[in-house]
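K.L.:
Chain residues, written in single-letter form:
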Amino acid sequence: MSALFDNLALGFSVSFSFQNVFLCFIGALLGTLIGVLPGVGPLATIAILLPITYNVDPVGSLIMLAGIYYGAQYGGSTTAILVNMPGEASSVVTTLDGHAMALDGRAGKALGIAAIGSLIAGSFGVLVLAGLAVPLSQVALSFSASHYFALMVLGLTLAIVLASGSLLKALCMLLIGLAMALAGADPISGQARLTFNLPVLYDGFSIAIVAMAIFGIAEILRNLELTEGRPAIKPLVGRLLPDRRDLKQCAAPIARGTFLGSALGLLPGNGVILSSFASYALEKRLAADPSRFGKGAIEGVAGPESANNAAAQSAFIPLLTLGLPATATMAIMAGAMTLHGVSPGPQVITAHPDLFWGVVTSMWLGNLMLVIINLPLIGLWVKFLRVPYRLLFPTIVLICCIGMFSVNSQPSDVVQIAVFGALGYLFFKLRLEPTPLLLGFVLGSLLENNLRRGLVLARGDIGLFLSDPVTLALLAGALAILVTSSLPSISKRRKVLVEDE
Amino acid sequence: MSVTRSQDPWGDRLLRVDFLAGVVVGIIAVAIWMQAWNLPMGEIRNFGPGFLPKLFGAGLAVGATALTAWGLLQPPSQAERVKLAFRGPVVVTSGILFFALFIRGWQVGPIAAPQLGLMIVAPVTVVLTGFGSREGNARELLVLGFGLTALGTLLFADLLNLRLPLFPQALEPWIFQTFGFEWSRRYAYAAYALITLGLAHAFGFKLLGSARDKESGA
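As you go down the protein sequences, you meet chains U and S in turn.
Read left to right, the first sequence gives residues 203 to 703 (our numbering).
Read left to right, the second sequence gives residues 106 to 323 (our numbering).
No lab work stands behind these hints, which were simulated from the structure alone.
Please note: incorrect hints may appear among the correct ones.
Unchecked claim - Chain S is faced by these chain U residues, among others (derived, beta-carbon under 7 Å):
#1 Leu380
#2 Ala394
#3 Arg395
#4 Leu396
#5 Leu400
#6 Phe407
#7 Pro596
#8 Ile604
#9 Val617
#10 Ile619
#11 Tyr627
#12 Lys631
#13 Leu632
#14 Glu650
#15 Val658
Glycine included, each C-beta is placed from N, C-alpha and C at the ideal position.
All chains, please: the whole structure from these sequences, using the hints.
P.N.:
Quick look at the structure:
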């Protein structure tokens, strides 16, 4: 226990440096600013802003990215409450009661309880992360290459099973992502592969470009088809802070949402989304009068908002302790770590303790920052909500172009944005989910290395490779999940679950 | 979601989402396979650079076959026709490509694009891209283009000190000699800010709150 406090103290000493507090602040501010813009979700926000963190040192840039992530997430809740437009899937349920509260003139209270719930859940999530990090990473450090390979297969299987849409398509996208990861020089022989004879691809594809194009530009291309509905925004009336009665009413939902989110956030795929829906359903079931839900019940905001924030927090656990990103957002974080020369994995805690604990504690700081930034600035965010999309998207495109060009001064990087943007749009139109592609892309070379090392250690004997009980159990688990989820009866139920969302 | 009619001709089936998804995945599988063709597979004990690409390519080929078959044979009630827009994707990607070609000049095969620099490329990109939306309006986009260029130069080139080519290559020596290397960018964004204000005034926009005014009118 005291070791934990020592670690946290080390972390705070890093994250409370002037530079890092400032970066956390800027990150949370920029994240909220972009996240609040209509039609720009957290994933797109991180992807668009990734290049501007290049000039900072690794600790600072991860702190800033984490700040951007929370900011964008919170920005999504703000739009959900004020204009009934969820910035992303995890705040869909917030629209139900949050927007009803806004129509009722209680928008301020809804925003306030969302911020308070998020802060409490976030703080708890940081403790869970800090507590689980050391034991989990020690387990992971004892893993052999073949264990690691099997664990990755299991994680990726879970991610495609829990992804929305067709399982077959998710599997195809995963394979495309895995293949993209192999492009460039082969790590052993140095031979160029999958480069299509283009010298620029000798270094492989860049996660920053792929993410920016597929989640930023493609999203713009999709949105251009929608005719612009100007949302009516109610003037902000009512107290901004919940009163004592509200707090009393929300204490239990916040606590339940926090636990639920912390647990479900560990799931690969869409644990964050799942947790907010689960929390809403739970609160509705436990309520004395369920009919209030959907008409502005404050518990219907407090529970899911706490849950999705706690889950957003624990989604970091697989990445930081095992090096396995579980969501598209975490895949981008993993990419950012790699760009700074820190390969995500269990060795990060021991090799870069200042980075690890600094980032973890800055998450708590970031959550606090959100409350401080957002409550007074809410009027400003409302103004940003009114920026028409026809002016917004050329601005985002220009920021993407300048941002990506400024990284390497390579025009070909910008060309790749156009190409992958168009491809991402095509994927969307063909109902091919891009998230498995990104996960596969981030894990591809790790998967290859560990498989190769595992097979070398087993001297090429597949029987020996599989004889290890841990490897066998993990791979069997992956196979069982894949088979059961493709059985007709279960795939039907899975479809219902996905469509409910 | 458009549901195709029950006795649809085969031509209609070729436009189904699942069928086309299979075709796209198939093209990618073929591309991967062709690239991996000459790479050595190695042996299981120590597999070569070609092993996984070929494996993934083969997996994708199987997936593509299943998708195309399902797309052709699925009951029409589950089929969905693909709907692609052309204006947005074509215009926006051309805007990005314009930026890429002219920001610092680029020689691609026989085409040699000169460096035009951010001060010219950025406003053109904004105006060009803006027409990707049916609501694109030249006057608004001009004001936005000059304004964003002024802000972008201030932020990226001056404050963050990123190395971005700002001026056309042909004019660079003259500009740097006349105004100085450091100060030329400051004159440039100041001038663009003035142009923005001038244009906004000439077109009758209120810069802060134009969106709000329009909305309250609606």
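K.L.:
Next step is simple, just say for each hint if it's right about the structure.
P.N.:
Cross-check of the supplied hints:
At about 6 Å, the closest approach between the beta carbon of U/Leu380 and any beta carbon in chain S falls short of 7 Å, and the interface hint on this residue holds. Evaluation of the U/Ala394 hint against chain S yields a violated restraint, the C-beta minimum of about 9 Å exceeding 7 Å. Checking U/Arg395 against chain S: minimum C-beta separation of about 5 Å stays under 7 Å; hint holds. For U/Leu396, the suggested interface contact is upheld, since its CB lies about 5 Å from the closest CB of chain S, less than 7 Å.
Because the closest C-beta pair between U/Leu400 and chain S is about 11 Å apart, greater than 7 Å, the hint is violated. Interface hint status for U/Phe407: violated, as the beta-carbon distance to the closest one in chain S is roughly 13 Å, over 7 Å. A hinted interface residue such as U/Pro596 counts as satisfied when its beta carbon comes closer than 7 Å to some beta carbon of chain S; here the least separation is about 4 Å, so the hint holds. Checking U/Ile604 against chain S: minimum C-beta separation of about 6 Å stays under 7 Å; hint holds.
Given the 7 Å rule on beta carbons, the hint for U/Val617 holds: about 5 Å separates it from the nearest Cβ of chain S. Hint on U/Ile619 holds. Least Cβ distance to chain S is approximately 6 Å, under the 7 Å limit. Restraint check, U/Tyr627 versus chain S: the minimum CB separation of about 5 Å is within 7 Å; hint holds. About 6 Å separates the beta-carbon of U/Lys631 from the nearest beta-carbon of chain S, less than 7 Å, and the hint is met.
For U/Leu632, the interface hint holds, the least distance from its beta-carbon to any beta-carbon of chain S being 4 Å, beneath 7 Å. The closest approach between the C-beta of U/Glu650 and any C-beta of chain S is roughly 5 Å, which is under the 7 Å cut-off, so the hint is satisfied. At its closest, the beta carbon of U/Val658 sits 6 Å from a beta carbon of chain S; the interface hint therefore holds under the 7 Å criterion.
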